[in-house]
Amino acid sequence: MSLASPGPALRSEGGKLRRVAVVGAGVAGMATALELARARVPVDVLSLLPAKRAPSVASRGGVNAALDVNGEGDSPRQHFEDTIRVGESLAHQPLVSAMCEAAPDIVHLLDRMGVPFHRTGEGRPAARRLPGSSHARAAFAGATTGHAAVSALDQQLRRFEGEPCVDARGVEIPGEPLVRRLEHVELVGLVQDDAGVCVGVVTQDLRAMTVKATPYDAVVLATGGFAGLFAGGAASALSLGTAAAAAYRQGAVFANAELIEHHPTATHGHGRATIVSSAARAEGGRLWVPRDPKDLRAPRDIPERERDYFLERLYPSFGNLVAHDVAARAIHRLCVREGGGVRDPRSGESERAVYLDLVHRAARLEPGQLRGVVDVTTRLGAGDPLAGPVKVFPAASATLGGLWVDFEKGEAGRPVRGSPRNHATSVPGLYAVGEVEHQYHGAQRLPGNALLASIFGASLCAQAVASYRGAMARSAYDLPRSIFEKSEKQRADEYAAALAGPKGGGEPLSPYALLDELRAALADGCGVERDDDGLARAEAKLAELDERRAAVEVTDSSSRSNQAAALARALPDLIDLGRLVVACAKRRDESRGAHARASHDARDDGRHLAATLARRAPDGTPRFLDAVEYTCVGATVHVSAAIDTSVVGPLAREVPRPHGSGRVSAPPAKDREPKRPARAERGGADKKDRPAPEDEEA
Amino acid sequence: MSTKKDDRRKVRLRVLRQDAPDKPSSRRFEEVEVDLHPSMTVHDCLEAVRRRPVNVKGAAIAPIAWEASCLEETCGACTMMIQGRPRQACATLVSEVSPKGQPIVLEPLGKFPVERDLIVDRAKMFDALTRVRAWVKLDGSASPAPAEGQGAQQGRYELSSCIACGACLEACPEVHDGSAFVGAAALNEVRALNLHPVGRLDRGERLEAIMGDGGVADCGKAQNCVEVCPKAIPLVDSIGELSRETTWRWLFGWRR
Ligand SMILES: Cc1cc2nc3c(=O)[nH]c(=O)nc-3n(C[C@H](O)[C@H](O)[C@H](O)COP(=O)(O)OP(=O)(O)OC[C@H]3O[C@@H](n4cnc5c(N)ncnc54)[C@H](O)[C@@H]3O)c2cc1C
Ligand code: FES
Chain A
1 MSLASPGPAL RSEGGKLRRV AVVGAGVAGM ATALELARAR VPVDVLSLLP
51 AKRAPSVASR GGVNAALDVN GEGDSPRQHF EDTIRVGESL AHQPLVSAMC
101 EAAPDIVHLL DRMGVPFHRT GEGRPAARRL PGSSHARAAF AGATTGHAAV
151 SALDQQLRRF EGEPCVDARG VEIPGEPLVR RLEHVELVGL VQDDAGVCVG
201 VVTQDLRAMT VKATPYDAVV LATGGFAGLF AGGAASALSL GTAAAAAYRQ
251 GAVFANAELI EHHPTATHGH GRATIVSSAA RAEGGRLWVP RDPKDLRAPR
301 DIPERERDYF LERLYPSFGN LVAHDVAARA IHRLCVREGG GVRDPRSGES
351 ERAVYLDLVH RAARLEPGQL RGVVDVTTRL GAGDPLAGPV KVFPAASATL
401 GGLWVDFEKG EAGRPVRGSP RNHATSVPGL YAVGEVEHQY HGAQRLPGNA
451 LLASIFGASL CAQAVASYRG AMARSAYDLP RSIFEKSEKQ RADEYAAALA
501 GPKGGGEPLS PYALLDELRA ALADGCGVER DDDGLARAEA KLAELDERRA
551 AVEVTDSSSR SNQAAALARA LPDLIDLGRL VVACAKRRDE SRGAHARASH
601 DARDDGRHLA ATLARRAPDG TPRFLDAVEY TCVGATVHVS AAIDTSVVGP
651 LAREVPRPHG SGRVSAPPAK DREPKRPARA ERGGADKKDR PAPEDEEA
Chain B
699 MSTKKDDRRK VRLRVLRQDA PDKPSSRRFE EVEVDLHPSM TVHDCLEAVR
749 RRPVNVKGAA IAPIAWEASC LEETCGACTM MIQGRPRQAC ATLVSEVSPK
799 GQPIVLEPLG KFPVERDLIV DRAKMFDALT RVRAWVKLDG SASPAPAEGQ
849 GAQQGRYELS SCIACGACLE ACPEVHDGSA FVGAAALNEV RALNLHPVGR
899 LDRGERLEAI MGDGGVADCG KAQNCVEVCP KAIPLVDSIG ELSRETTWRW
949 LFGWRR
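In the order they appear, the protein sequences are chains A and B.
Sequential numbering of the first sequence, starting at 1, is according to the working numbering.
Sequential numbering of the second sequence, starting at 699, is according to the working numbering.
Rather than coming from a laboratory, the hints here were simulated on the basis of the structure.
All C-beta atoms in this analysis are idealised placements derived from N, C-alpha and C, irrespective of residue type, glycine included.
There could be a bad hint or two in this list.
Residues of chain B clear of chain A, computed beta-carbon distances all greater than 12 Å [as the list claims (entries may be wrong)]:
#1 Glu731
#2 Thr828
#3 Ala832
#4 Gly876
#5 Asp916
#6 Ala920
#7 Val926
No farther apart than 25 Å at their CA atoms in a straight line, the calculated lysine to any residue pairs in the SDA-like style are these [as the list claims (entries may be wrong)]:
#8 Lys486(A) <-> Ala496(A)
#9 Lys835(B) <-> Leu893(B)
#10 Lys294(A) <-> Val336(A)
#11 Lys212(A) <-> Gly251(A)
#12 Lys798(B) <-> Arg379(A)
#13 Lys489(A) <-> Asp546(A)
#14 Lys822(B) <-> Val336(A)
#15 Lys809(B) <-> Arg783(B)
#16 Lys822(B) <-> Asp205(A)
#17 Lys809(B) <-> Arg158(A)
#18 Lys721(B) <-> Arg379(A)
#19 Lys212(A) <-> Pro719(B)
#20 Lys708(B) <-> Phe727(B)
#21 Lys212(A) <-> Gly175(A)
#22 Lys822(B) <-> Gly175(A)
#23 Lys708(B) <-> Ser347(A)
#24 Lys486(A) <-> Gly14(A)
#25 Lys835(B) <-> Pro895(B)
#26 Lys822(B) <-> Arg560(A)
#27 Lys835(B) <-> Glu176(A)
#28 Lys16(A) <-> Glu172(A)
#29 Lys822(B) <-> Pro174(A)
#30 Lys835(B) <-> Gly14(A)
#31 Lys721(B) <-> Pro174(A)
#32 Lys822(B) <-> Glu161(A)
#33 Lys721(B) <-> Arg560(A)
#34 Lys755(B) <-> Pro722(B)
#35 Lys541(A) <-> Gly501(A)
Starting from the given sequences, assemble the full structure and let the hints guide the process.
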């Protein structure tokens, strides 16, 4: 971004400082705010909790960048192809290509900021091979990479909080820091002018519970995903998607809401799960079940030859390093469909789990390499995977779809930096970046690409916002106050109604109880494998919840930190979002990446090489679209749902998902020759034989 | 997961509540009881209470307010006093703090203003990071960072796992209403940044920032901070090291 040009006026005609809002202070939000600050655009960063509490801290495995520090011949092109294959070609290729090329600089940037990346002997960021990748490519800080990235970005933001806004003539504006943080606030609505342009936000102060509308020249949502809507999942308590749901209610188009990532190795918790990071598999962790499904011995008493390392058996080349969806579906099939997996020694019941085993690696790991995996699982009572196998199972961990956003492709087939279309949602003036938007991953994320996409997207998005703000005919700050008052009143009334309590709908119930039912319905209908009955059940359940939400009763009348009332206010939006997920899952009648339909086992490029686009109809149900039409800086833009595969065309994936009626469990012992594959170290970072990227048989 | 048979069926919580920051007179203990499940954490207990907010006498109560985000001891949000010790509710197993079925006492952290119930306002922790200038001054270039040895990285990694939970401030006798002490967490951040190959360039500025009032000299060497740090950061070492460096700078500052 050129800082030489005088740029747009810093003040509106009425003399107000023209700020933009970044909603969300995770990796994506902070990186966007930083980029805006560097371009001297005054910015407010709004979040539910301080930045150091953002869900991004839970990201562990690393950040992908083809630095090829191991000299394996890795390249941005390989990174690109891995991303497209694992995502089953559902991501726009020009964008992914640009992201993979920018990745090395992004790792360097984090390194310079102070992220303590693990080092090679020569002092460069070392790389580990995360699941789904053909090469060792993820730079990592122990198994707490996300936490380290959040800390570093938070420090940079703090630095800019101390800097003043400076106008085009170099004059400081007193009392106006370049970056301001507004914490403990929730976005509850957008302010839109008569043409539907987003000109500000309505927020609720989560302490004083006051509702307020504030003008902003542009609004960026960086509010993360909504995997918290799935029971038994592993997402942060902040990942409910309230902001995305509010934007959806106000007309923003959603894309691929059905694509929910299930991490294959979560451990037991009470009503929710904790992820054992992919770092564990990257560092040589192996998944196995007893060969004899009736074997009730403790894992350590089961000898090598009586263990079934099922991923190594099914996928000789990638072994334990198959992508998350492949591993999750294999575990699901084995444990749920075929009744196998680890059994409770007392009841003999299947625990629907498999063993994750790192014991053989314990002696060879360097200090700190798995920090953040071992200490957390141990403390939560799941055991220490270095000391003995721990039980793991798939759990919803992230969302792959989200608000639809655009990008502009230039003549060379690359995204045009600075185009106001990049990261624009279908609501003019509203942008989205990070897990809340849909465009970088496709149907399954390549592990290690989420942080990367958040930071790459942030720079593209910030430049787009700066251009948009520069091209505005009239600043949001010069609009009549009545527009803001109207929005503010509407949202304040909604909150008052939520606080006031039941309006019928049957037996009064707590907002938390209703949320539990919503989460259970989504987990039931839209889990690892979706069958037609489950989808129908979830659909019916959500319709029922929509009726019963009128019965929600908040037993707390306080006007201070009223968490129950804040949730009650958001519930209608969340139910709509849930209905959207189920409807989209029904509509995509194929299996692709994280979306596996039991009745439609194959991927269907003929019909489904496209995003599932939907907009909310007035009755709350989704209306599907073939294309998005929206206005950007005065021009009408028309974008179809088709995926841009202009770089390499659609690619088959690296290894197919388990499919059809083929069994995943090992055949009974007598039919099988007792061969011991020479793959004891399969999947380790020290692996020599790299897999061919071609398909292999399941 | 523990498969050991757990014959206690309920767990009792004694929670110190307060309705609002300006209502200290509303401080009171409330007793609640929830069904116990294997591998249940204190966070899970509080969730169970808010699903069915009643006290032990069966009277309806307002749900207990507390903060949570990551649910895996990585964000610091849920820090509170559990049986008199600062800990993360999401990573504290009931079986650990109530092995014999004794009631679990939950209180808000005491060194910060109470917002409501178990929520406190930890803004001063973040302000301390501004006071000590805890950042690297990046320019706009896209060059690789200078190389760093493996040993150096491991040392820095140790120091960088702070989750800003506030436990070290809670345990420190030097942190109280009348003191300006920045506390162990912020000092540790200074040490971590001063060891970074880029951060090292302005280590002098950071050292200056901790040489005055409320700086490193205010540490009373009680060493409570290391005891309570959930990430076992060597905070006492960090403070010792910074004491030496600031002394050195004070004596020979013109040389460095
Ligand atoms: C267990 C786990 C492991 C992972 N491991 C990896 C990995 O190894 N590598 C990788 O690349 N990725 C990984 N990911 C994914 C990655 O962490 C996320 O995709 C990414 O960090 C999302 O960042 P974000 O900034 O978009 O959102 P978040 O970090 O979710 O931040 C959301 C922000 O928005 C705010 N917010 C939300 N709603 C509102 C509202 N209504 N109003 C105001 N503010 C709001 C929140 O307070 C928060 O500040 C992992 C994820 C999980 C859960
Ligand atoms: S919720 Fe993050 S530390 Fe407990």
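Right, here's what the structure says about each hint:
A cut-off of 12 Å between C-beta atoms confirms that Glu731(B) is not in contact with chain A; the least separation is 16 Å. The beta carbon of Thr828(B) is not kept farther than 12 Å from every beta carbon of chain A, the shortest such distance being approximately 6 Å. At the 12 Å boundary, the C-beta of Ala832(B) falls inside the reach of chain A, the nearest C-beta of that chain being 6 Å off. A cut-off of 12 Å between C-beta atoms confirms that Gly876(B) is not in contact with chain A; the least separation is 25 Å.
Every CB of chain A is more than 12 Å from the CB of Asp916(B) (nearest about 22 Å), matching its label as outside the interface. The beta carbon of Ala920(B) sits about 25 Å from the closest Cβ of chain A, which is more than 12 Å, so the claim that it is off the interface holds. Val926(B), annotated as away from the interface, keeps every beta carbon of chain A farther than 12 Å; the closest lies near 15 Å. Taking the CA atoms of Lys486(A) and Ala496(A), the gap is near 15 Å; set against the 25 Å cutoff, the hint holds.
For the given pair, Lys835(B) sits about 14 Å from Leu893(B) by alpha-carbon distance, which is consistent with the 25 Å threshold. As the CA atoms of Lys294(A) and Val336(A) are separated by approximately 15 Å, the hinted pair is consistent with the 25 Å bound. Note on Lys212(A) and Gly251(A): the hinted pairing holds, with a Cα-Cα distance of about 21 Å set against a maximum of 25 Å. The hinted pair formed by Lys798(B) and Arg379(A) meets the criterion: a straight-line CA distance of about 19 Å does not exceed 25 Å.
At roughly 24 Å between alpha-carbon atoms, Lys489(A) and Asp546(A) fall within 25 Å of each other, so this suggested pair holds. Restraint check for Lys822(B) and Val336(A): not satisfied, since their Cα atoms lie roughly 50 Å apart, outside the 25 Å limit. Between the alpha carbons of Lys809(B) and Arg783(B) the distance comes to roughly 13 Å, so the proposed pair stays at or under 25 Å and holds. Of the supplied pair hints, the one linking Lys822(B) and Asp205(A) holds, its CA atoms being roughly 19 Å apart against a limit of 25 Å.
For the suggested pair Lys809(B) and Arg158(A), the alpha carbons sit about 23 Å apart, so the restraint of at most 25 Å is met. Using a Cα cut-off of 25 Å, the hinted pair Lys721(B) and Arg379(A) is violated, with the two alpha carbons roughly 36 Å apart. A C-alpha spacing of about 21 Å is found between Lys212(A) and Pro719(B), which places the hinted pair at or below 25 Å, so the restraint holds. Taking the CA atoms of Lys708(B) and Phe727(B), the gap is about 19 Å. The hint holds against a cut of 25 Å.
A C-alpha spacing of about 22 Å is found between Lys212(A) and Gly175(A), which places the hinted pair at or below 25 Å, so the restraint holds. About 21 Å separates the Cα atoms of Lys822(B) and Gly175(A), which keeps this hinted pair within 25 Å; it holds. Restraint check for Lys708(B) and Ser347(A): the C-alpha separation of about 23 Å stays at or below 25 Å, so the hint holds. Restraint check: the Cα-Cα separation between Lys486(A) and Gly14(A) comes to about 21 Å, which is no more than 25 Å; the hinted pair holds.
In summary, the hint linking Lys835(B) to Pro895(B) is supported, as the alpha carbons are separated by about 12 Å, within the 25 Å threshold. For the proposed pair Lys822(B) and Arg560(A), the alpha carbon gap of about 21 Å is at most 25 Å, so the pair holds. For the hint pairing Lys835(B) with Glu176(A), the CA-to-CA distance comes to about 21 Å; that is within 25 Å, so the pair holds. For the suggested pair Lys16(A) and Glu172(A), the alpha carbons sit about 14 Å apart, so the restraint of at most 25 Å is met.
The suggested pairing of Lys822(B) with Pro174(A) holds, with an alpha-carbon distance near 24 Å, which does not exceed 25 Å. Among the hinted pairs, Lys835(B) with Gly14(A) is inconsistent with the structure: their alpha-carbon atoms are about 35 Å apart, more than 25 Å. For the given pair, Lys721(B) sits about 36 Å from Pro174(A) by alpha-carbon distance, which is inconsistent with the 25 Å threshold. Pair hint Lys822(B) plus Glu161(A) holds up; C-alpha atoms about 15 Å apart against a cutoff of 25 Å.
For the given pair, Lys721(B) sits about 11 Å from Arg560(A) by alpha-carbon distance, which is consistent with the 25 Å threshold. Between Lys755(B) and Pro722(B), the direct Cα distance comes to roughly 24 Å. Compliance with the 25 Å bound is thereby established for this hinted pair. For the hint pairing Lys541(A) with Gly501(A), the CA-to-CA distance comes to about 22 Å; that is within 25 Å, so the pair holds.
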